[in-house]
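A.B. asks: Listed below, chain by chain, are the residues.
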Amino acid sequence: MSATDTPSRPLASLDIKKEVERYALVLGWIFLIAIFGLLLPDTFLTWRTFSSMLGSQAVLVVLALGILIPLTSGDFDLSAASILVFGSMFLAVSNVQWGWPVGLSVVAVVLIGLIAGLVNAFFVLFFRIHSLIVTLGIGTFLNGMTLWISNSRTVSGVSMELVEIVVIQRLFGVPLAFYYGLLVALVMWYMLEFTISGRKLLFVGRGREVARLNGVPVERVRAIAFGISGGLSGLAGVLYAGMTGSADPTSGLQLLLPAFAAAFLGATAIYPGRFNPIGTLVGVYFLITGITGLTMLGADAYVQSLFYGGALVVAVSLSQLVRQRQPQHFA
Amino acid sequence: MTDPNVVTLANRNPGEAPADVLRMSGVRMKFGPVEVLKDVSLTLRRGEILGLLGQNGSGKSTLIKVLAGFNSPEPGSKVRLWGEELKLPLDPGRIRNMGVAFVHQHLALVPSLSVADNMLVSDDQKVRPWGISWRAERARMKALFQEFGLDIDPMQTVDTLAPVERAYVAIVRAVDELRRSDAGRAGEGILVLDEPTPFLSAEDVDRLFTLLRRIKKTGASVIIVTHDIDEVLSITDRVAVMRDGRLVSMMTTADTTRQEILDTIVGHAVSLYERDRSGSRAEGTAVTIKDLSGGRLEGFDATLRAGEVVGVTGLIGSGFAEVPYLVFGADRGQGSLTVGDKTVDLSRMTPGMACAAKISFMPGDRIHQAGIGTLSVSENATFLALSRLRGLLGLSHGAATRATESLIEEHDVRPPRAGVPLGTLSGGNQQKVLIGKWLAEDPMLLLLDEPTQGVDFGARQKIFEALDGAAARGTAILCASTDYEQLAQICDRVFVFHRGRPVAELSGAALTKDAIARACFHEASDEAETATRKEMTT
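Protein chains in written order, with this note's numbering: chain A, 1319 to 1649; chain B, 83 to 620.
FYI, nobody ran anything at the bench for these hints, they're computed from the structure.
What you are looking at is a predicted structure, and each value in this text was computed from that prediction instead of being measured.
The C-beta atom is built at its ideal place from N, Cα and C for all residues, glycine as well.
Each hint should be verified, as a subset may be incorrect.
Label pairs and their in silico Cβ distance ranges [unchecked claim]:
1) A:LEU1454 x B:ARG430: 29 to 37 Å
2) A:GLY1421 x B:ASP241: 51 to 59 Å
3) A:LYS1335 x B:SER204: 29 to 37 Å
4) B:PRO174 x A:PHE1445: 39 to 47 Å
5) B:ASP241 x A:PHE1445: 50 to 58 Å
6) B:SER204 x A:THR1568: 44 to 52 Å
Simulated coverage check for chain B against chain A, where a stretch passes if three residues somewhere in it have a Cβ under 8 Å from a Cβ of chain A [what the hints assert, rightly or not]:
7) 332-341
8) 457-471
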């Protein structure tokens, strides 16, 4: 037996490497803050900048957390941003034009998101179509619905009650929207790490056949994942409408790729190699910090896409180098 | 050694026939510390059909893979093709160009594409500056099929073909490949078939052999790897028999008998682990399987006592392999299962229900069915036990690690670390973890499919001990395997299957490795004999 005992020294050094990998993105984030802090001590290092960065990204955080669930169970949800936009538009139209109370509109939007997710699940699971195809189709369909119910126009004048509790009310100077995103992330972290359901979700994503042969109802798990993704996209739509008190029929669609970028970036941190909510949260704020700093330095608007795309590829490549270029197994 | 890049057609001596076209000598091959080919020498003559026989694990496939260039043999091994000494390991592309074509068991056809697509996929020789002329290719293929008396439309998709037609397509494709090769232009070549028949009916096998005889007439030589002695008797010119990594005999088919071939295949080997069958077992039936059918299985009844180890075996495709999958509800079938005092209709069984009924199932495909290599040992080992690992605040990671550590110690898993990804462990250690996971559920019935496939010797003994321990605690075990030695070692009783039905039940002193092998091969032989007789009368 003594021959098989692992010497403690290599073990320790291995763990240090692991810890560095886990927190590399967090360190990168702190590094970015330090750089911009040095370059722009008066404008960047202010509470106003930080509270606006934290508050403004809540929509993206919730959307990214939403798609993270089906990503974990091995499916793509490309309809998430479309659900978000349709949800925000439905909220605006039902509240402003049909006169629904805003509370009812909010509940309706989350329900619509949930239903859209279950529709995705139905086509993916019953007809056995790849999730990319189904969610692309359902998403595009919803884009059409959005234009239909809005007559392709921006609808403004959403009840101030909603705007109030999303961006106007602040806690420690940060809009409440940030805390909603944080709360979703924490709940999701608990669900994924400390419940049996979370473990089942992970097994379904990594090995459907293994999960099935371990008694997991694979199809039900995947359906629930789509449902949660849809519901959270609806919630993101509520926040989106609450940010400005209005809904426009297209601009939210641009959040889809950043949401995936954040989810994949997040998978390099905290629990490397695994989609995880805390990593995703760090990913979103890493990206917005870079963009805000560069914008303050006078960069043009296109820098946003340059930074999103560049940072994603560079960060994932670095993480792969640390992992000695082992093939990635997200699903 | 001659330059391997020069094709030495001139070296051949055309006047001398039958000459050796292929000569493999002193081939040794190791997987890690295990020697799987021990000084194998094999020759193939021009225009002959050579049968290569042996039990599972005897080294047939390994030898074929050396020839195909997939395996690198030890230094000192030699391969001479058309009189030319080749550099080892062989270069797969060059071997093909020199005129050796392979048809593997799974045929390597893409079912959703057309016959023509599949035929052209390996054709990278001809320059087609104007793209593929489908009309010309179709006509050429049709002519080629007709040459061998086959009526197959090149535009059909492969999945609409009958199994035997798929085999034809794969074989004709290989012949086509031979003809494009350097040797083929001189009218010869070597066609290697690796177990092409287990999924074919006796009648289809005959039709396939007619095709092979026609191919032989064109001047090609054929090596056919098979389990079926009667196939060998009916088609081959010579028979090579492998056992335990050695080529033990080379016989001329006309001068040998079925019995002689069978004795040579089975040989004699000493079993190291012997289950104590005299020990007192709990009385009473623990598990009853009734009218089980599904897949290739056409009816199986069995009762298992608590603590009894029952094996099911047969040749590949005989239906025994379906048994654990059907019982667990992993595949849908018919029949009923009684465990303890509960009876379940198996047409409605699901793995979830099976787990709840205290049935455990260790599938044969470790990578795709049993464990997840990218997740940690601990995550894999505790997946079924999660409900017992909950604390006040949800799953306790500490408790999971402790549970895994005790599993690691109990089953001697190396390295003894709960946090590493399962995939970094050796096959044997992965198997220990996964079997340990199921045993920790304290099942009433444990189903196993090839529990020691790809598992080294030491781990194998550990797994046997673990199974023995479970049996002693009253678990009934049903094990599907083609490893006769293993079955003889661990089982109290073994059912041998043929064409979907159990045809022999061995137990007590009659349960030996040789007896199982004989039952498998004998029944296959008898059946083929009946089929041949039927054909003669019609």
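A.B. asks: Taking the hints in turn, state whether each one holds.
C.D. replies: Verification of the supplied hints:
In this structure the hint that LEU1454 of chain A and ARG430 of chain B lie 29 to 37 Å apart at CB holds, the actual value being about 36 Å. Taking the beta carbon of each, GLY1421 of chain A and ASP241 of chain B are about 55 Å apart, inside 51 to 59 Å as hinted. Taken as a hint, the range 29 to 37 Å is violated for the pair LYS1335 of chain A and SER204 of chain B, whose Cβ atoms sit roughly 45 Å apart. Separated by about 40 Å at the C-beta atoms, PRO174 of chain B and PHE1445 of chain A satisfy the suggested range of 39 to 47 Å.
Between ASP241 of chain B and PHE1445 of chain A, the C-beta spacing of about 19 Å breaks the proposed range 50 to 58 Å. Between SER204 of chain B and THR1568 of chain A the C-beta distance comes to about 50 Å, which sits within the given range of 44 to 52 Å. Against chain A, the segment 332-341 of chain B contributes 0 residues with a C-beta closer than 8 Å to a partner C-beta. That does not satisfy the three-residue criterion, and the hint is violated. Counting residues of the segment 457-471 of chain B whose beta carbon lies closer than 8 Å to any beta carbon of chain A gives 6, which meets the minimum of three for the stated coverage.
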